[in-house]
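Enquirer: Residue numbers (the numbering used here), protein chains in the order written: chain A, 109 to 537; chain B, 109 to 537.
Since the hints were derived computationally from the structure, they do not count as laboratory data. Fair warning: there could be bad hints in the mix.
Since copy identity is lost for identical chains, a pair holds within one copy or between any two.
To be verified - Derived lysine-lysine pairs resembling DSSO-like cross-links, with alpha carbons at most 30 Å apart:
{"id": "1", "residue 1": "LYS393", "residue 2": "LYS125"}
{"id": "2", "residue 1": "LYS408", "residue 2": "LYS452"}
{"id": "3", "residue 1": "LYS393", "residue 2": "LYS371"}
{"id": "4", "residue 1": "LYS163", "residue 2": "LYS118"}
{"id": "5", "residue 1": "LYS264", "residue 2": "LYS452"}
{"id": "6", "residue 1": "LYS462", "residue 2": "LYS118"}
{"id": "7", "residue 1": "LYS528", "residue 2": "LYS462"}
{"id": "8", "residue 1": "LYS265", "residue 2": "LYS452"}
{"id": "9", "residue 1": "LYS118", "residue 2": "LYS269"}
{"id": "10", "residue 1": "LYS161", "residue 2": "LYS452"}
{"id": "11", "residue 1": "LYS452", "residue 2": "LYS462"}
{"id": "12", "residue 1": "LYS177", "residue 2": "LYS387"}
{"id": "13", "residue 1": "LYS118", "residue 2": "LYS408"}
{"id": "14", "residue 1": "LYS118", "residue 2": "LYS460"}
{"id": "15", "residue 1": "LYS118", "residue 2": "LYS463"}
{"id": "16", "residue 1": "LYS452", "residue 2": "LYS269"}
{"id": "17", "residue 1": "LYS408", "residue 2": "LYS463"}
{"id": "18", "residue 1": "LYS393", "residue 2": "LYS269"}
{"id": "19", "residue 1": "LYS462", "residue 2": "LYS202"}
{"id": "20", "residue 1": "LYS528", "residue 2": "LYS161"}
{"id": "21", "residue 1": "LYS452", "residue 2": "LYS371"}
{"id": "22", "residue 1": "LYS265", "residue 2": "LYS408"}
{"id": "23", "residue 1": "LYS371", "residue 2": "LYS528"}
{"id": "24", "residue 1": "LYS452", "residue 2": "LYS163"}
There are 2 protein chains.
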Amino acid sequence: MSNYTGYRGKSLSFLQKHNLQVGDIVRVVTEVDYSGMIMPRYEYSDDLHIVLKLKSGYNVGLEVSKIKKIEIESSSEITKETVHQPRINPNLPKLLLVSTGGTIASKVDYRTGAVAPALTAAELNATVPELTEIANIDTEVLFSEYSENLLPEHWKKIAEKIDSCLKSEYKGIIVAHGTDTMQYTASALSFALVNIPIPVALVGSQRSSDRPSSDAALNLISAAKFLVTCDTTGIYVVMHNTTSDEEVACHWGTRVRKNHTSKRNAFQTVGGSPAFIIKNDKIIKNQQFNYVRKREYVPKINFDTRVALIKYYPGLDPSVINYIIEAGYKAIIFEGTGLGHVGKIMYDNVDKAKKKGLFIGMTSQCIDGMVRMTVYESGRDLLNFGIMPLSNMIPETALVKAMWALGNSDNIQEMETLMKENIALEFSD
Amino acid sequence: MSNYTGYRGKSLSFLQKHNLQVGDIVRVVTEVDYSGMIMPRYEYSDDLHIVLKLKSGYNVGLEVSKIKKIEIESSSEITKETVHQPRINPNLPKLLLVSTGGTIASKVDYRTGAVAPALTAAELNATVPELTEIANIDTEVLFSEYSENLLPEHWKKIAEKIDSCLKSEYKGIIVAHGTDTMQYTASALSFALVNIPIPVALVGSQRSSDRPSSDAALNLISAAKFLVTCDTTGIYVVMHNTTSDEEVACHWGTRVRKNHTSKRNAFQTVGGSPAFIIKNDKIIKNQQFNYVRKREYVPKINFDTRVALIKYYPGLDPSVINYIIEAGYKAIIFEGTGLGHVGKIMYDNVDKAKKKGLFIGMTSQCIDGMVRMTVYESGRDLLNFGIMPLSNMIPETALVKAMWALGNSDNIQEMETLMKENIALEFSD
Chain A
109 MSNYTGYRGK
119 SLSFLQKHNL
129 QVGDIVRVVT
139 EVDYSGMIMP
149 RYEYSDDLHI
159 VLKLKSGYNV
169 GLEVSKIKKI
179 EIESSSEITK
189 ETVHQPRINP
199 NLPKLLLVST
209 GGTIASKVDY
219 RTGAVAPALT
229 AAELNATVPE
239 LTEIANIDTE
249 VLFSEYSENL
259 LPEHWKKIAE
269 KIDSCLKSEY
279 KGIIVAHGTD
289 TMQYTASALS
299 FALVNIPIPV
309 ALVGSQRSSD
319 RPSSDAALNL
329 ISAAKFLVTC
339 DTTGIYVVMH
349 NTTSDEEVAC
359 HWGTRVRKNH
369 TSKRNAFQTV
379 GGSPAFIIKN
389 DKIIKNQQFN
399 YVRKREYVPK
409 INFDTRVALI
419 KYYPGLDPSV
429 INYIIEAGYK
439 AIIFEGTGLG
449 HVGKIMYDNV
459 DKAKKKGLFI
469 GMTSQCIDGM
479 VRMTVYESGR
489 DLLNFGIMPL
499 SNMIPETALV
509 KAMWALGNSD
519 NIQEMETLMK
529 ENIALEFSD
Chain B
109 MSNYTGYRGK
119 SLSFLQKHNL
129 QVGDIVRVVT
139 EVDYSGMIMP
149 RYEYSDDLHI
159 VLKLKSGYNV
169 GLEVSKIKKI
179 EIESSSEITK
189 ETVHQPRINP
199 NLPKLLLVST
209 GGTIASKVDY
219 RTGAVAPALT
229 AAELNATVPE
239 LTEIANIDTE
249 VLFSEYSENL
259 LPEHWKKIAE
269 KIDSCLKSEY
279 KGIIVAHGTD
289 TMQYTASALS
299 FALVNIPIPV
309 ALVGSQRSSD
319 RPSSDAALNL
329 ISAAKFLVTC
339 DTTGIYVVMH
349 NTTSDEEVAC
359 HWGTRVRKNH
369 TSKRNAFQTV
379 GGSPAFIIKN
389 DKIIKNQQFN
399 YVRKREYVPK
409 INFDTRVALI
419 KYYPGLDPSV
429 INYIIEAGYK
439 AIIFEGTGLG
449 HVGKIMYDNV
459 DKAKKKGLFI
469 GMTSQCIDGM
479 VRMTVYESGR
489 DLLNFGIMPL
499 SNMIPETALV
509 KAMWALGNSD
519 NIQEMETLMK
529 ENIALEFSD
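If we strip away everything but chain A, and leave its shape as in the complex, we get (with noise of 0.2 Å):
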């Protein structure tokens, strides 16, 4: 069956006169000359080109209407056929990884020639081989987004399918995910999954693995290798540490953020040291903290997006808020200035938030370090109109929080019970 997935119009014509498909690999005369494969397309494109990746791993998007010449050099069909399921070793123990989709999932994918972001234990295999002498990894294909499409009714599918898998032997849970939005994930997972008997590791790469740079191989072998060997539960971003292949880190899911655009070690842990590090076989514990704790496993699996995160900066205008308590939002997440402050410019507006019941929470746009309200008057009277300060939990978390806490509260007195609480290592104290 030929897939043109995306294609339509003329790029769709295009291809089907010259008798190719996406995953094929072509070379294309144009003004330049061009050496790729053939990638499937996005809903919102137009008719008139077709995308190849070139070996340099960036695509290019050539006008149908400028080719001169298209021939192939391999097809898709070829590609797939080298593909073998991997052998089950019984001394080794058993891993789930779910995809999601994004980079890590895509571009694995993509090499092999097929078109959905998937990714079967067979394609894992011929991929990344080092994955089959650590675990037998079962897969799974829960969804197939670029992760900035990604939205907390996806976390909560993500949350209920490791929920459902705990019974089964699996030692861990490999969760494949795009990096845009890694860390919200994370947080989301930490919070509704909270005392979850095994370890889960979210994992992505910032380069696609058909490019010589890629993270993705040693991401995944790490992210193995860290859940059949550590005996330790809860939610981990398992990413580059370093921007060499010597390091990778296991970062807290709440404590993590991706703080450069395209490093790969672009995953950090703010306000302290990542959990665990992964360097020369080894994997070192941060001695810092002891995330796990011994409390029931009582999963809490719901989100309620009415919570608004507002950067105060100067010249916002304060009647944001009024269309906040119009829209119906229930909570409102400030990343303040400085140590936990809007200007008095919007004191009007938030003691009015407050008297309708909003719960307001304060953190910082400095992203690291404490809030402390209680330093500066300006702060002070912030907490006199019943802000809530939020100590060093990172904005982002303190979001997901929020709609977590909502969610799975009856009013906002329950809530901010929630939110006082120090859940999943999202502030120190």
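Keeping the supplied structure of chain A fixed, place chain B upon it in accordance with the hints.
Expert: Frame of chain A, contents of chain B only:
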């Protein structure tokens, strides 16, 4: 004349009854004993408390009805007498220090016992005597606000004040400023006063000068040295570069960010090294960029606040864009995810905003790294809607630049041209 700034009702009566005023150092007996200086109060304060600044640097509010005994230790009048006018050394260059408020201005001030957060040349001399060896410093109090209360109209006043002093003999200008929004003001001045013929240093402090760990004096001294020694021009932020007193950094005004709520080295140059490092009396220039351009100085001192900064996150309600359109905004700066994305749930409303003629620029909430919207199809879709990628511009800088570009353009096309131009090192080419 007695001073009771901010006191009213019960707390005012209490002070008058005991013949005390702001600036007096007192010993108070309540459930615990305290010794400290009576502090001015702030407009939203209640009338039930007096506030003391303790020797530790922290403030404490004491309910007057619970005070068993209060005794004066030294009066504000006595302290004031110890302040001498600085001698003028005709061999030294002249600097102007413009005070806008914040910790650096208020605490130097509180230490002398004065009340309003003002900074006269005499007080500066008394507090930081090293300055008289570097330059003759005129001082002027422009306003006395915590910087979270500063608005674009204050940026305009600071810019106009600096511009009005360029014909006098000042070798440079120090702007004393709260640290909360210092980076916003630094960006605003960088755009409004581009190609200014002298150097301007914004200086703040993270710890008040009555605390042993204060960074106020070293930052001020370093700024003065920098202004008189370095043959440079432009807008800089001068703050500690290390947690110790070893290094002070001069950051380019558009590339600096407050990345920690409380550390003395909270300010960092994003995506590069500071413009200058001051270490052991030596000033080391960063060779990476040459900021100084030989273009004509034409100040453009207008800001239009009809710009919204929107951080994209999973669960963001796309209808916030409708609110922004209806409220009459002219521009949106997105803090997108990763390389510069927003979820496809936003696409229809983004398209609508563009069709209504709004400017939309894309930055990344990762803060560091380049926005690259051609790597993934989702980025290319957003480019197709007409979103402008803003390279590695810091989101807060992009917001300020958009307010400035809008304020100095007749239409969105002119604004777009300004947004694309690298005016004050706000992006790397």
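Enquirer: Identify every previously stated hint that the structure contradicts and give their numbers, smallest first.
Expert: 1, 9, 12, 13, 19
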